[in-house]
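Student: Residues per chain are reported as follows:
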Amino acid sequence: MFKHYFEQIHNVAVWPIISLSIFFIFFLCLILWVWTADKGYINGMKQLPLESDEDQSDYQLKPEES
Amino acid sequence: MEIEKFSYDNKIVKYFIVATVIFGIVGMLVGLTAAIQLFYPIFNFDTAYTTFGRIRPLHTNAVIFAFVGNAMFAGVYYSMQRLLKTRMFSDALSWINFWGWQLIILAAAISLPLGYTTSKEYAELEWPIDIAIAIIWVVFGINMIGTIIKRREKHMYVAIWFYIATFVTVAVLHIVNSFALPVSFMKSYSWYAGVQDALVQWWYGHNAVAFFLTTPFLGLMYYYLPKAANRPVYSYKLSIIHFWSLIFIYIWAGPHHLLYTSLPDWAQSLGVVFSIMLIAPSWGGMLNGLLTLRGAWDKVREDPVLKFMVVAVTAYGMATFEGPMLSLKNVNAIAHYTDWIVAHVHIGGLGWNGFLIFGILYWMIPKMWGTKLYSVRLANNHFWLGTLGIIFYALPLYVAGITQSLMWKEFNAEGFLEYKNFLETVVQILPMYMLRAIGGGLYLIGAFLMSYNLIKTAKSGSFIANEAAEAPPLEKTKKQTEGGHWHSVLERKPVLFTVLTVIAIVIGGVIEMVPTFLIKSNVPTITNVKPYTPLELHGRDIYIREGCVNCHSQMVRPFRSETERYGEYSKAGEFVYDHPFLWGSKRTGPDLHRVGGKYPDSWHYYHMLDPAAVSAGSIMPPYPWLFTSPIDMEDTEGKISAMRTLGVPYAPGYESEANNDLMKQADEIALRLFEEDEIEVASEAEIVALIAYLQRLGTDIKAAPATNKDETASNE
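Note that the protein sequences, when read in sequence, are chains V and G. Heads up: the first sequence is residues 1 to 66, going by our numbering. Heads up: the second sequence is residues 1 to 716, going by our numbering.
Please keep in mind that the hints were generated in silico from the structure rather than gathered at the bench. Be aware that one or more of the hints could be misleading.
Which bits of chain V does chain G cover? Going by a derived footprint, with three or more residues having C-beta under 8 Å, they are [unchecked claim]:
| # | stretch |
| --- | --- |
| 1 | 22-33 |
| 2 | 38-49 |
DSS-like, lysine-lysine: derived pairs with alpha carbons at most 30 Å apart [unchecked claim]:
| # | chain 1 | residue 1 | chain 2 | residue 2 |
| --- | --- | --- | --- | --- |
| 3 | G | 237 | G | 150 |
| 4 | V | 46 | G | 11 |
| 5 | V | 39 | G | 299 |
| 6 | G | 586 | G | 530 |
| 7 | G | 372 | V | 46 |
| 8 | G | 367 | G | 459 |
| 9 | G | 11 | G | 459 |
| 10 | V | 46 | G | 5 |
| 11 | V | 46 | G | 150 |
| 12 | G | 459 | G | 299 |
| 13 | G | 329 | G | 409 |
| 14 | G | 299 | V | 46 |
| 15 | V | 46 | G | 237 |
| 16 | G | 5 | G | 702 |
| 17 | G | 329 | G | 11 |
| 18 | G | 367 | V | 46 |
| 19 | G | 154 | V | 39 |
| 20 | G | 456 | G | 530 |
| 21 | G | 299 | G | 530 |
| 22 | V | 39 | G | 150 |
| 23 | V | 46 | G | 154 |
| 24 | G | 530 | G | 664 |
| 25 | G | 493 | G | 237 |
| 26 | V | 39 | G | 493 |
| 27 | G | 367 | G | 150 |
| 28 | G | 150 | G | 5 |
| 29 | G | 150 | G | 493 |
| 30 | G | 154 | G | 493 |
| 31 | G | 372 | G | 456 |
| 32 | G | 372 | G | 11 |
| 33 | V | 46 | G | 493 |
| 34 | G | 420 | G | 409 |
| 35 | V | 39 | G | 237 |
| 36 | G | 702 | G | 586 |
| 37 | G | 367 | G | 456 |
Every residue, glycine too, gets a C-beta built ideally from N, C-alpha and C.
Next up, chain G with everything else stripped away, as it sits in the complex (with noise of 0.2 Å):
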């Protein structure tokens, strides 16, 4: 048979390797500071763009899409064409996927400083962007098809159906639940409410965990990991299971994210038996990971790329034990909410992610630049301080969330919460925020030492921009193509399969939606909860720029402590004008959903002019630019409309007569805010919209407490 000649393209790896090592740097960087403003707020540098509430999706969206995501690029170019035999499908594609990401992560990091957010989890970019990253990602998608069918190879290793089933799923994730209408250039709103836009947004969230952060790095475990040990997998069969299973649970577990809010609870209870069932494949997964090393683990003592793999499997064994446990509702009912959740996720991006990419770094580099590394002893200080990091910062992230949140439960003899001011749960962990800090240092100094020896590496070596390989041609012969067992003949139609991975993961999704989206039309509307005024839609839009819902949740659970310190426990129907919902899913400060009425205008306005002069020993910033900026009433209209559209009941041609209305409310809080202590704002100032949302929040039943204590009395 002829054998074919051809070379594989290490010049797009290259380049994906130089964006995820300054972006790893840079992401740590902002999650640097933004951990060190939780104890020193200071440390936002008085400046709008980076307060805690705008960089903290900033370090995100950097570390998850930026460092994660250009090494996922970097290690799925990398093995597919090792794997398949071949060169990519397409030079000028991988470099619209190169090119293209980069100006994603060049615009987010932009407009997310400026206040462009949707709000939504890890999913903040404002519609231009998405759309940007949907047409990226499906040039990604057709370079890798494309390559899959030109293979050399008859058979798909398990790596390239963990690469699969991330761009499928990713693909889906990433276009339904960005969903929105625009209003303007850079400003959308979601196109689901409320509840709906909560079970999407957590179908979204938690799946991005699964498809963005795990498959692509199980299929990296299973090319990288062998190559390193220089064994194969353990059990490949067990690679099989794993792969099916876990693709088919992960996408019903979102739901878990949603435990004890106004979710349903049918889905509530889907969420957490999937979550716990979730346990049998990502174990299956860790440990056929690990025993891959069987009779290898004297190289895990000298060899610093074994050592990173094997704490990463570690890591990823402990946080898929972890999350399962998370999602019972009597562990969630203490950790959600809290620093727990902080630490478990860094668990998971510290310890999976980042070590297993440090691994395949320093694995990679020396072959592609045909050397050897240039120190190990570096490598193996990089480890240990890496390991160290990860430590000092998950250990007192856990004891900061269980103590925190068995304050806030806390009641005294007399039947009254021990500790009512939400305040003192904050300081009492300060000491655990500054240890966290200290944590994340550690790890950021190990990975400069990296930088420096992957240069130092680069500039022993020649860099091999075109590997030349050879191969023989996949014949297509009958016998090649039929028969056989059904799962080889799978692997060799990767259509046939590409669809079968998006049938498995749109079942999931389907089932669970469905009947939460059915019931949009059975939930009875509670008569008094009304669509937002004018200018508390305003205020909403101020709330969502500046990342309000980053610290403050807006659910208020059914337990006893928290109906006793925050109000009535919130109802399903409350958040039918939503778009989106702004549940929250951390309490670095208090809920906000009953916060209508609990304060005095003023008080509102002190507080976000100083924090700390109001409520001394608070962590959250001022906002100073809020009393000098006007609002943009020229967006009224567009609101307006854009709500009308999504089912806001406003009357047909209100958006014209809207800014009266503002006005008009907005100058009855002057004019309160004058007549409460003397205080000459001009009603035009954004800080007068933010005190109109804020008072208006959760105030809707309180208006008629008799006629509608519960939204179901409505409906009989």
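Just chain V, with the same shape it has in the complex (with noise of 0.2 Å):
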């Protein structure tokens, strides 16, 4: 019954697909870059909430074994 409704908006079977093409090229485009992303930058990045503290022992039950 909407059918009905959405034929007179003027081409409204492009929206769906508008949506989908904006995501999808996004989606691959952040892909690419992930998989090309420079490794030190990324391990830096990875240690950054580690690094801002010093006293992390103090919430330790045990001795950290390393």
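Dock chain to chain to rebuild the complex, using the hints, since each chain is given by itself in its own frame.
Tutor: Here is the structure:
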């Protein structure tokens, strides 16, 4: 029944196609970038929360075995 | 390079923590009260202020915005300073954020029991409070962006991205959905009507879950889980994909709350597709969290902080798998309007949000007070009580939801509904409601244990209000602001990053909503759908005030089991004057869209006075105050004018004579009540207005079924 209303909107069928394309292209670019991202940078970012704090062992139930 | 000395503001974090613990307990107590009312209606203490319809929104607002909201602020204020190696941008803004938020909570706690509500789920607060929320939220945003700009760390860690997305999206959602025309102080009508209002509301409602309960907590997970496990996140690359795909997809999924309703099929399908796609980023995030613990699972056995976090992330995984499954139309046909949905949201609420908050509190408080946790054993007890609580909460409701839904749909051999009386399906699941209350009670006891444990912990240490720190300043050389991968460049430009985030979420909202708003001019009006009479309008506002929408839907889905039980399925064109829409999302009682004309006026009169006397075993509370308090006729003029401004075709000047029509219709109903059963009632009593509204519901298309069987017919 709603098909009837939508037929009156100019080119409504293109809306979902546009939305899917936008997302798909963005996602592809993102994957590509992540794939090629610099290792050093990624590792640096990974350590970010841990390095900001020296007294890390405050809340340890037992000494860290490393 | 010169090292700068500064300090982290722990005091603001401490205040938010105290608020989250207090409001957590209050919110859960209100929830438990509501849960008990469902099998023991007298538990509303016989006052208007504590009926289910009013305290259910109080519960949801308290746990979402007071408990989870304050915890979010605490976690964000603590982690952001450390991740950016700077104190917050402005202490003054931090405190405005804190006290402003608590005042909003206070306003909500007073106004909701008094019946001031917009009736839109998780957006019930009336317009003055909405404006306050917008202001305080912007204060938080300025403080956050300011902190990011004055940071000493070149890059923004992934947690910060989630915080930024939270800020911008919640701001957009809140403002768009709260658009309303004030009628008086504490009363407004939604700017949108019917189908449009429903779409905007669930675009908001779904994304309130996404961007208030999920993204900030994913940010917190990416900070606190590595901290508690003392190892970096499993995959930073995965976290980047997690972030962008999550915020991109989430914003589209709202229409899955409106499957099989009068919302256009096109929008429904879009909601379903994006909901299914959501599994990927959600599970990517969950696995990233769990795999962070690789090689540290021995710690999980002993450390209550990690136990809470592991269950939280697992609950996140379960809820984000269940959500997309519930978005499939065939599953939704069974689950929608039942307790299955309530169970689903509590896996997320109690498991994901609650347990992550508990884990973070157990980790943060010993640190901030420079001590150790008072009792690990007590924390472990809390963990098990909480876990059992979740299980006892959710499992009975799954059984209840599926049982009730199947009973609704059951036909006998003769082709009639097997359980024609809705009440039969309610009585059947009452034992499950009792078990659910036990589950909630266990969870609450756990929260009490935590409060005691945290207070004892704080007392055993001394609070470090300003934690000293040092870091080199961020050098603004050309080399650092240019070059590198585009994403690392982005991370150095917070404002650009924020803009891109806005674009990502706005695209979804716009593409989804614009066509649905376009059809407004294209929806063929059903010619015999007329605006509400002044009396019916008052009745509708009483319906809104009493929170009837919390238990009764007004949306008959196009299923044989529903058209058989309720009548003709609901059409989009029937709701064009509904500011706000009242479709509802849960059927604790039957749908009311076609209730008009189904019973005599006297039935409604006695039913509202004592539901259990009319329908033995009913769990609906009585509404005696409606019989004594008069309709506020001074408001009529303002209401009619406001509705006309919103596009409802009342004739010019009608507002000044509306009260005459109102009294005329009220006298007719009062007379009919007397004729039917010698009921003597004042025409001005609120019950008369409510009866007028209920008797009007869904009757417009009954008026001339031959000429307007389908709304499309009138357009041809």
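Student: Hint by hint, note whether the structure agrees.
Tutor: Hint by hint, here is what the structure shows:
For a cut-off of 8 Å, the count of residues in the stretch 22-33 of chain V with a CB near a CB of chain G stands at 7, and the three-residue condition holds. A count of 10 residues in the stretch 38-49 of chain V with a Cβ less than 8 Å from any Cβ of chain G is obtained; the coverage claim is therefore met, three being the minimum. Of the supplied pair hints, the one linking residue 237(G) and residue 150(G) holds, its CA atoms being roughly 26 Å apart against a limit of 30 Å. Between residue 46(V) and residue 11(G), the direct Cα distance comes to roughly 28 Å. Compliance with the 30 Å bound is thereby established for this hinted pair.
For the proposed pair residue 39(V) and residue 299(G), the alpha carbon gap of about 29 Å is at most 30 Å, so the pair holds. Between the alpha carbons of residue 586(G) and residue 530(G) the distance comes to roughly 27 Å, so the proposed pair stays at or under 30 Å and holds. Between the alpha carbons of residue 372(G) and residue 46(V) the distance comes to roughly 27 Å, so the proposed pair stays at or under 30 Å and holds. A threshold of 30 Å between alpha carbons decides the hint, and for residue 367(G) with residue 459(G) the separation of about 13 Å falls inside it, so the pair holds.
This hinted pair checks out: residue 11(G) and residue 459(G) have alpha carbons roughly 16 Å apart, not beyond 30 Å. Distance restraint check for residue 46(V) and residue 5(G): the Cα-Cα separation of roughly 25 Å lies within the 30 Å cut-off, and the hinted pair is therefore satisfied. A hinted pair counts as satisfied when its Cα atoms are at most 30 Å apart, and residue 46(V) with residue 150(G) qualifies at roughly 22 Å. Distance restraint check for residue 459(G) and residue 299(G): the Cα-Cα separation of roughly 26 Å lies within the 30 Å cut-off, and the hinted pair is therefore satisfied.
For the suggested pair residue 329(G) and residue 409(G), the alpha carbons sit about 16 Å apart, so the restraint of at most 30 Å is met. For the hint pairing residue 299(G) with residue 46(V), the CA-to-CA distance comes to about 21 Å; that is within 30 Å, so the pair holds. Pair hint residue 46(V) plus residue 237(G) holds up; C-alpha atoms about 9 Å apart against a cutoff of 30 Å. Using a Cα cut-off of 30 Å, the hinted pair residue 5(G) and residue 702(G) is violated, with the two alpha carbons roughly 76 Å apart.
Between residue 329(G) and residue 11(G), the direct Cα distance comes to roughly 49 Å. Violation of the 30 Å bound is thereby established for this hinted pair. Note on residue 367(G) and residue 46(V): the hinted pairing holds, with a Cα-Cα distance of about 22 Å set against a maximum of 30 Å. With a C-alpha separation of about 17 Å, the suggested pairing of residue 154(G) with residue 39(V) holds against the 30 Å cut-off. A distance of roughly 63 Å separates the Cα atoms of residue 456(G) and residue 530(G); the hinted pair therefore is violated under the 30 Å criterion.
As the CA atoms of residue 299(G) and residue 530(G) are separated by approximately 66 Å, the hinted pair breaks the 30 Å bound. Taking the CA atoms of residue 39(V) and residue 150(G), the gap is near 27 Å; set against the 30 Å cutoff, the hint holds. In summary, the hint linking residue 46(V) to residue 154(G) is supported, as the alpha carbons are separated by about 14 Å, within the 30 Å threshold. Under the criterion of a C-alpha separation no larger than 30 Å, the hint pairing residue 530(G) with residue 664(G) is consistent with the structure, at around 18 Å.
Taking the CA atoms of residue 493(G) and residue 237(G), the gap is about 19 Å. The hint holds against a cut of 30 Å. A hinted pair counts as satisfied when its Cα atoms are at most 30 Å apart, and residue 39(V) with residue 493(G) qualifies at roughly 21 Å. Between residue 367(G) and residue 150(G) the alpha-carbon distance is near 25 Å, which keeps this suggested pair within the 30 Å criterion. Restraint check for residue 150(G) and residue 5(G): satisfied, since their Cα atoms lie roughly 14 Å apart, inside the 30 Å limit.
Our distance criterion of 30 Å between C-alpha atoms is met by residue 150(G) and residue 493(G), whose separation comes to about 12 Å. For a cut-off of 30 Å, the pair hint linking residue 154(G) to residue 493(G) stands: about 10 Å separates their Cα positions. Of the pairs offered as hints, the one joining residue 372(G) and residue 456(G) holds, with about 10 Å between alpha carbons and a cut-off of 30 Å not exceeded. For the hint pairing residue 372(G) with residue 11(G), the CA-to-CA distance comes to about 19 Å; that is within 30 Å, so the pair holds.
Our distance criterion of 30 Å between C-alpha atoms is met by residue 46(V) and residue 493(G), whose separation comes to about 19 Å. At most 30 Å may separate the alpha-carbon atoms for a hinted pair to count; residue 420(G) and residue 409(G) meet this at roughly 10 Å. For the suggested pair residue 39(V) and residue 237(G), the alpha carbons sit about 10 Å apart, so the restraint of at most 30 Å is met. Only pairs whose Cα atoms come within 30 Å are accepted, and residue 702(G) paired with residue 586(G) is accepted, the gap being roughly 25 Å.
Distance hint between residue 367(G) and residue 456(G) is fulfilled; the C-alpha atoms sit about 14 Å from each other, no more than 30 Å.
Violated hints, in rising order: 16, 17, 20, 21; the structure is consistent with all others.
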